[in-house]
Amino acid sequence: MTLPRARERRRTLLVAGSLVAAVLLGMVTALVRPWQPTSGCQPSPAHPQWSVARMWDEALLDAIRRALPNPPVHARNLFHVSVAMWDAWAAYDPVAEGYLVNENVSTRDRASARNEAISYAAFRVLEERFRKSVGASDSLLGSREVRPHRWIERGRRVLLPRLPAR
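Using my numbering, read the sequence shown as starting at 1 and increasing by one per residue.
No lab work stands behind these hints: they were computed from the structure. Virtual Cβ for every residue (Gly too), placed ideally from N, Cα, C. Warning: the hint list may mix true and false statements.
Unchecked claim - Now the in silico label distances, taken between C-beta atoms and shown as ranges:
{"hint": "1", "residue 1": "H47", "residue 2": "F79", "range": "20 to 30 Å"}
{"hint": "2", "residue 1": "A96", "residue 2": "H47", "range": "31 to 41 Å"}
{"hint": "3", "residue 1": "L61", "residue 2": "R110", "range": "51 to 61 Å"}
{"hint": "4", "residue 1": "A67", "residue 2": "R11", "range": "35 to 45 Å"}
{"hint": "5", "residue 1": "P71", "residue 2": "V105", "range": "28 to 38 Å"}
{"hint": "6", "residue 1": "S106", "residue 2": "L25", "range": "56 to 66 Å"}
Build the full structure now, drawing on both the sequences and the hints.
Pasting the structure below:
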């Protein structure tokens, strides 16, 4: 091989290597998203009119936005959070039937108990599915004035064994 040909080949390899490195850097940057904050699953507190279910939906959507793209897994996460919140809501309605659990609970303060049950249900699914980012869900749970030591044993006993593993 002649000297000019060797230089040309070296230049071609250098350009190809630089191109591959640039593409890999772009792919890693797109997956890691360093420009996005890593703060947790807490929706903006500027929406006091949101229902407790809407706040947990926003927390789930925020966790999905920060997770690696995986549409089938996130579709299941959306469904499982919806089912958990529906069953928690339906437990305090005399007519509604739950999807997995069909237990009716009576209480004096139905709205407060229902909101607490919905919060627990959503929190448990988020805690299981987004373990690395659940700290912010803890703060959302705390902002709802729900105390973790007051877990509803009936809901844990009935619902958790039925939730499929990741």
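> A96 and H47, beta-carbon distance inside 31 to 41 Å?
Replying inline: This hint is violated: roughly 26 Å between Cβ atoms.
> P71 and V105, beta-carbon distance inside 28 to 38 Å?
Replying inline: 35 Å, holds
> Quick one: are A67 and R11 within 35 to 45 Å, going by C-beta?
Replying inline: Holds - the Cβ-Cβ distance for A67 and R11, about 42 Å, lies within 35 to 45 Å.
> Do L61 and R110 keep their Cβ atoms within the hinted range of 51 to 61 Å?
Replying inline: 28 Å, violated
>> For the hint 20 to 30 Å, verify it against the beta carbon of H47 and that of F79.
In response: Holds: the Cβ-Cβ distance is about 24 Å, inside 20 to 30 Å.
>> Verify the CB-CB distance for S106 and L25 against the hinted window 56 to 66 Å.
In response: 60 Å, holds
The earlier numbered hints that this structure contradicts are 2 and 3.
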